[in-house]
Structures are given as C-alpha cells and as structure tokens.
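2 protein chains.
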Amino acid sequence: MKKKSMLDLHRVSVEEYASQDKLPVVVVLDDVRSEMNVGSVFRTADAFAVERICLCGITAVPPTPEIHKTALGAEDSVVWEYFSSADEAVETLIGQGYEVCAVEQVHDSMSLEKFMFSTTKKYALVFGNEVKGVRQTVVDKCQVCIEIPQYGTKHSLNVANSVAILLWEALRQLRNG
Amino acid sequence: MKKKSMLDLHRVSVEEYASQDKLPVVVVLDDVRSEMNVGSVFRTADAFAVERICLCGITAVPPTPEIHKTALGAEDSVVWEYFSSADEAVETLIGQGYEVCAVEQVHDSMSLEKFMFSTTKKYALVFGNEVKGVRQTVVDKCQVCIEIPQYGTKHSLNVANSVAILLWEALRQLRNG
Chain U
199 MKKKSMLDLH
209 RVSVEEYASQ
219 DKLPVVVVLD
229 DVRSEMNVGS
239 VFRTADAFAV
249 ERICLCGITA
259 VPPTPEIHKT
269 ALGAEDSVVW
279 EYFSSADEAV
289 ETLIGQGYEV
299 CAVEQVHDSM
309 SLEKFMFSTT
319 KKYALVFGNE
329 VKGVRQTVVD
339 KCQVCIEIPQ
349 YGTKHSLNVA
359 NSVAILLWEA
369 LRQLRNG
Chain Z
199 MKKKSMLDLH
209 RVSVEEYASQ
219 DKLPVVVVLD
229 DVRSEMNVGS
239 VFRTADAFAV
249 ERICLCGITA
259 VPPTPEIHKT
269 ALGAEDSVVW
279 EYFSSADEAV
289 ETLIGQGYEV
299 CAVEQVHDSM
309 SLEKFMFSTT
319 KKYALVFGNE
329 VKGVRQTVVD
339 KCQVCIEIPQ
349 YGTKHSLNVA
359 NSVAILLWEA
369 LRQLRNG
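Top line first, the protein sequences correspond to chains U and Z. Take 199 as the starting number for the first sequence in my numbering and just add one per residue. Take 199 as the starting number for the second sequence in my numbering and just add one per residue.
Fair warning: there could be bad hints in the mix.
One copy or two, it doesn't matter: identical chains are merged, so the pair holds either way.
Claimed, not checked - Calculated lysine to aspartate or glutamate pairs in the EDC-like style (CA-CA distance at most 16 Å, straight line):
hint	residue 1	residue 2
1	201	306
2	352	213
3	320	289
4	202	306
5	352	328
6	319	249
What the hints contain is simulated information worked out from the structure, not anything from laboratory work.
Let the hints inform the model, and build the full structure from the sequences given.
Take a look at the structure:
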C-alpha cells in the first residue's frame, strides 16, 4: 500500500480548522512544567480537533520556541486560554456546564476501560504536573476521576501520552456514538 | 477522592514484571531519531506490559542518558532487541507468526476506529521516523496498515503519542476481549 503524500492527506488550513466541528472536549493542564509536553499536547489536540486548551498556573503559554518545537505550529490552530490556577479553570468550566474529569490515580477512580463519554455532554479533562499530578484541591473540585489502568513498574505515564490516550478514547467513542 | 500514594499504586518490581503476563504486542521502531521519543515509548510499553520493543536502524538503544530521561527506568523492565533494519525485523516477526501492522498513513489503510485486535493472534506494530514515517519498503512487507484518523492542520502525530494510542487500543480490546 502506497504511503500518502502531504497533498493526499487533505489537511485543513488554520482558517478552515477554526470553523469546523470540534470534539466537545477541553483539555486543562495544571502546572505542566515541560514546554515540550505543552507543545506535544497542542499537536495532539489539533489532530483530534478539541475545543480548546486551558493552560493553568506555571504551564507555559505560546508563543515560545520550546512549545513550537513539539507543537510544530498547532499552537496557531488550537484555541487556548490561560488561568492563574487550575482550581479557577475547573470552577469556571463547571459553571459553563462541562463535566470536569481529573485524569489521575485516585481511590475509587473510574477506569478508562469503563468510562463512557456521552454524546449529550461536553467534557473538560484535567491533567497534572509531571511529578505531582493533578493537585488534590483540583481533584476535589472535579466531578469524575478517570484512571488509565497500568501494569508496569513505573508509577505513571508521561502527561502528553496520557492526553493522547484520553483524546483518542473520547474521539473513538464520540465520533462513533 | 483521595490521590493514591506511591505505595497505594502497588506497582510490580522489575523481577515481578519479567514473569507476569504480557500484552501479545511487539513495538517496532523504524529509524526513530529522537532518544526522548525512544525513552517515552519504553515508559508506555512498561505501563501496558508489552512483550518487547524492536529498535531498528538509527534508533538508539539503551542505556543512554537521553533515553533514561524519558523512560525513567522503564528501559530496565521492558525487553528489547536491536535489528539493523526494520525490514529485517518485520521479516523475522512474520516468520515468528506475528501479524505485522504498519501504523502509517497509506492509501487503503484500515482506520484505527475499525481495527479489531483478535485474542487468538499476536501483533507487531511498526512505527516510523519522525519526519519520514515508516519507510515504503517496510510498509510493503507489513500485512496490515493502520491509520489513526486525524482532523487537524498538522500532517501527523508525534511517534510516542501514536505508540501510546495504539497500545491503549490494543490493551482496551485484548484485556476485555
């Protein structure tokens, strides 16, 4: 099977992207330290056409050379906004009618294997700092906690990889749902 | 809901990991240039307990400081082997009875939304170079081409994020299958 050329991929322009339908999902980054992770999240968010990204606390905001290195320009297509804290972002999103889900390893979490995205809702998915995860005060404000089941020796997944998994799962369920 | 402590996570040791059941999936990296991507793949492969990783061509092999930075030690738990080319790896894996799937954007690919992992098979998933993807000669040897559907402005996803999505999808289907 022949590989597609750039033209074969039929990608949308930044202008077309702005007006096309979006996945009803907002990504919230709580104190993500690495600009490379932030850029990587932008690139995945662009591919799956999420509504927007909320960058909170110490999370860097575009434009920066490091974000650009891994976003590869997706920081120009995906809508983002900055909140001084994830607590504030979560309160705002709940007020706007989003179902706010922390993606975190907590007691009595819902496994991602069992989580069902509903086509009648809109979601905010909260991801945390590379070392500390989503802070407890933010977890406490979230309506659901989703955990990615893990079977290895390390205690967690990389945050950009966790975002990729959650966005894929949301897309898979919602586009087919 | 209270966040789990390191102890609450009940992670396995490297010795326990070696003897536990694995996901019947081998990850093949064809000329992956970035050691940070290689390390990130090790970390995800550990979390989802894949059988092994085949590092091919210019793909760096552990131990290196850069791989360690993103693998965080997962390079010590996940079994890996080196092949001088992905062509050789794919031929070997087909000979060993694996269903070998290129993860690539090709004409007449199977969308990941439709791909069904079978519990009676074992899989090798081939991922390519950051710029060039899986080379055409390797695609030609693969039995299936799986494409992650994308709706954004950029032409592809980061390779480590693509690995995370595919491994999650394999785990989701095979652990419940």
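Each hint, compared with the structure:
In this homomeric assembly, residue 201 and residue 306 come within 16 Å of each other (Cα to Cα) only across copies, at 10 Å, whereas the closest approach inside a single copy is 45 Å. Taking the closest pair of Cα atoms, residue 352 and residue 213 come within 16 Å of each other only across two copies (13 Å); inside a single copy the shortest separation is 41 Å, beyond that limit. Within a single copy, residue 320 and residue 289 get their C-alpha atoms as close as 15 Å, which meets the 16 Å cut-off; across copies the closest is 46 Å, which misses it. Within a single copy, residue 202 and residue 306 get their C-alpha atoms only as close as 45 Å, which misses the 16 Å cut-off; across copies the closest is 10 Å, which meets it.
When the C-alpha separation of residue 352 and residue 328 is checked against a cutoff of 16 Å, the pair qualifies only within one copy, where the shortest distance is 13 Å, while the shortest distance between copies is 25 Å. Taking the closest pair of Cα atoms, residue 319 and residue 249 come within 16 Å of each other only inside a single copy of the chain (13 Å); across copies the shortest separation is 38 Å, beyond that limit.
Going through the hint list in order, the structure satisfies each hint without exception.
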